[in-house]
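Peer 1: Sequences listed follow chains A and B, in order. Going by our numbering, the letters in the first sequence line up with residues 7 to 356, in that order. Going by our numbering, the letters in the second sequence line up with residues 3 to 359, in that order.
Keep in mind that the hints were calculated from the coordinates and are not lab data. Misleading hints may appear alongside valid ones.
Below, simulated DSBU-like cross-link-like pairs (lysine-lysine); rule was C-alpha separation at most 30 Å, straight line [as the list claims (entries may be wrong)]: (1) 325(B) to 258(A); (2) 15(A) to 325(B); (3) 13(A) to 110(B).
Keep in mind the model is a prediction, meaning the values are calculated, not measured.
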Amino acid sequence: MKVDNPKIKVLILWGIVLCSFIVFWICHVYISNYQTFVAPQNYLVRAKHYLQEGQKEKALQEIEWGVNTFKPVSSEVLAFLMKIKKDNMDENGYKELEKKYQVSMLLEKCNYSENLQFDTKILDASEFSFPLLSKTTQSSVLSLWKLLTRRTLRCMQDTNLSVSQIFNFLYYSGGVFYINSNIGNTGFAIDNDILVVSEGSAEGSGAQIWFQGNNYAGNRRGFYVLILTPPPCKVFRADRFDIWESRNDALKMEQFLEEVPEGYIGVFAVADDASENMTDKLEQNLLSFGFSKKTYIKGEKRIFGYGYAFAGIGVKGANEGTALQNWAEYNPSQNRIPIAICCVLHGRDK
Amino acid sequence: MMKNQDWVYISIGAVSFIATLLFVPIFRWLALKLNVVDMPDQKRKVHKKPIPYLGGLAFYISFLVVCCFIEWFYPQYFDDNLVVIAVVGTFIVLMGLLDDLISIPASKKLIFELFLGILLYYWGFKTVTIAHPLGGVLEVGWLAMIITPLWIVGVMNAINFSDGLDGLASGQVAICSATIFAISYYNGQIFSCLVMSILLGCTLAFLVYNSHPASVFMGDTGALFLGFVLGCATLVEKKKGVTIVALTIPIVVLAVPFLDTFLSFLRRVQRASRGEFFVPDRDHLHHRLLKLGLSQRQVVFSLYYFSICMGFLAFITSLIPSKYTFLVLILVLMLVGMGIILLHFIEGISRKNEEQL
Numbered sequence: 007m008k009v010d011n012p013k014i015k016v017l018i019l020w021g022i023v024l025c026s027f028i029v030f031w032i033c034h035v036y037i038s039n040y041q042t043f044v045a046p047q048n049y050l051v052r053a054k055h056y057l058q059e060g061q062k063e064k065a066l067q068e069i070e071w072g073v074n075t076f077k078p079v080s081s082e083v084l085a086f087l088m089k090i091k092k093d094n095m096d097e098n099g100y101k102e103l104e105k106k107y108q109v110s111m112l113l114e115k116c117n118y119s120e121n122l123q124f125d126t127k128i129l130d131a132s133e134f135s136f137p138l139l140s141k142t143t144q145s146s147v148l149s150l151w152k153l154l155t156r157r158t159l160r161c162m163q164d165t166n167l168s169v170s171q172i173f174n175f176l177y178y179s180g181g182v183f184y185i186n187s188n189i190g191n192t193g194f195a196i197d198n199d200i201l202v203v204s205e206g207s208a209e210g211s212g213a214q215i216w217f218q219g220n221n222y223a224g225n226r227r228g229f230y231v232l233i234l235t236p237p238p239c240k241v242f243r244a245d246r247f248d249i250w251e252s253r254n255d256a257l258k259m260e261q262f263l264e265e266v267p268e269g270y271i272g273v274f275a276v277a278d279d280a281s282e283n284m285t286d287k288l289e290q291n292l293l294s295f296g297f298s299k300k301t302y303i304k305g306e307k308r309i310f311g312y313g314y315a316f317a318g319i320g321v322k323g324a325n326e327g328t329a330l331q332n333w334a335e336y337n338p339s340q341n342r343i344p345i346a347i348c349c350v351l352h353g354r355d356k
Numbered sequence: 003m004m005k006n007q008d009w010v011y012i013s014i015g016a017v018s019f020i021a022t023l024l025f026v027p028i029f030r031w032l033a034l035k036l037n038v039v040d041m042p043d044q045k046r047k048v049h050k051k052p053i054p055y056l057g058g059l060a061f062y063i064s065f066l067v068v069c070c071f072i073e074w075f076y077p078q079y080f081d082d083n084l085v086v087i088a089v090v091g092t093f094i095v096l097m098g099l100l101d102d103l104i105s106i107p108a109s110k111k112l113i114f115e116l117f118l119g120i121l122l123y124y125w126g127f128k129t130v131t132i133a134h135p136l137g138g139v140l141e142v143g144w145l146a147m148i149i150t151p152l153w154i155v156g157v158m159n160a161i162n163f164s165d166g167l168d169g170l171a172s173g174q175v176a177i178c179s180a181t182i183f184a185i186s187y188y189n190g191q192i193f194s195c196l197v198m199s200i201l202l203g204c205t206l207a208f209l210v211y212n213s214h215p216a217s218v219f220m221g222d223t224g225a226l227f228l229g230f231v232l233g234c235a236t237l238v239e240k241k242k243g244v245t246i247v248a249l250t251i252p253i254v255v256l257a258v259p260f261l262d263t264f265l266s267f268l269r270r271v272q273r274a275s276r277g278e279f280f281v282p283d284r285d286h287l288h289h290r291l292l293k294l295g296l297s298q299r300q301v302v303f304s305l306y307y308f309s310i311c312m313g314f315l316a317f318i319t320s321l322i323p324s325k326y327t328f329l330v331l332i333l334v335l336m337l338v339g340m341g342i343i344l345l346h347f348i349e350g351i352s353r354k355n356e357e358q359l
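Turn these sequences into a full structure, and let the hints guide you.
Peer 2: Here it is, written out as structure tokens:
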């Protein structure tokens, strides 16, 4: 086969290139659809697919797994959960879900609004009942809310909420609360209230660790750590490590956590980011407080990722996965600061 | 200890290497069948017998294969920018083929390349900062729309100009890719590492066929595509807070091809009054070194050596604070200037010797 006409040669070779590109494009679309379906974070896509196929149980299983793995939970996910659970859920449970949905909608709107007007009544009646709080904790809650609305939830800056409304808001927005003095399932309990707020990557984000009326965190970037002695809880050590800026701080934090005696309580809050220079050893040291890799980042199980908010209360030496932890994903394409809240409440002394 | 990510890069490089190794003979065979060969001449070309083109098509097809490989096996590392490169790269390859078969005017080629550069800008490939002449970095703002296409076109043509000797362009791209890979790896820039693994695999495999004496050429298709991918990979960075010493490092890495392009540009400006701006000549660095009596292999290896030195310098640049990078640029300019003066000096001695003889 000898082709002498250069134009025909061009046509043949262009044909080969275009055919290769078309094959590539078909493969890309096919693989992309497949990967979208199987990617852990796309649990909603899978759940919808299962529901369409009439596999309601599987859809419910999938969505519940997703809600526990990827945070913050979007209003779209909660709406789907409401739809799927409507028929087989008790009234209180459904109301709680509905409120979570309403608060989630509020938070999503909050990204685009500086001053959000909303009906605070949705925070009045609560399916979630927390114990009576000491005056110190009540004042801490008000300070916590003030800082949170000044820095992050700016759209609610002018909203006056009572302590119980604030608690309801924090709970419905995805906060993790233990109201029986227990630190998760570690088997350890406290004799005081601890409130932790972490704000992930964004301009001006910070962290709060409230204990006995004092805030042991601030608005400087890094990993804030407060170590408490076993009950009667007293402050053992407190520090901040800017793991984003320096690997040296990660090494210092490794050392810091290693020196904590077994049975001591560790309270952790990330401000902005604490993953950039995270070492394997530091991650192991965090796991030794009972935390576990509960979320997925790029297909791998991790405690938290780049720009994530992370708030946790654990006990040195506790079994992996038993501590109290909460996280929120950082999504640079969204104008939303990730917030993670967790609290252990002891309540007022009798 | 090897991380999971390291295995990802290794496997991507390996797939790219194997794919190119397999595709090059196929396109060589096709080039012979279609009689797409580069005939020797007494002007610019240095080879003595007809050599088939189309080796460059193997880069393109391998790139597409590796993209699918990444998306299938490592979806977490797959980036939509790879698809953008594949789409725009297709236009580059089509243009390169047209130029290889029925040579198109350089001015039209340049306009098309600039157009593709602007297209890339709108698809998110852009540099927002450049090295400040007095240290640190400078926000370029809307000028990014001009700098980005110029950068892409500059890198593409620099690689194309250096494709004058067996194994020169592919070897230089391999050295540049290895350097940028090392810098990106050190800074945790995943996308750049992925693209550089692909380029490294492709070019090393191509060197098996393209080293002196070459059995296949990459043609404009290959050189432009390699330059295009290299240019694109240096423009993408999503990570917050990481100061990319924008374009400084790639400039240092690509110092040899850029120098050649710059000198060629100056010669063309001199000839512009005669209406020969777009006419190629035989005064590229490799031609001049050949004229001094060096063998093809010696010229290629000396330019490799210079590229490796620049690679080390670029790596060091990436480690120092951005406010000092301009010092490295000055050092590079001084080295390059000294090299040009030395070359002129040696050429002068050589001419005198010839006249005496």
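Peer 1: Next, verify each hint and record whether it holds.
Peer 2: Taking the hints in turn, this is what the structure says about them:
1. Using a Cα cut-off of 30 Å, the hinted pair residue 325(B) and residue 258(A) holds, with the two alpha carbons roughly 28 Å apart.
2. Only pairs whose Cα atoms come within 30 Å are accepted, and residue 15(A) paired with residue 325(B) is rejected, the gap being roughly 52 Å.
3. Taking the CA atoms of residue 13(A) and residue 110(B), the gap is near 18 Å; set against the 30 Å cutoff, the hint holds.
Against the hints set out earlier in the document, a violation occurs for number 2 only.
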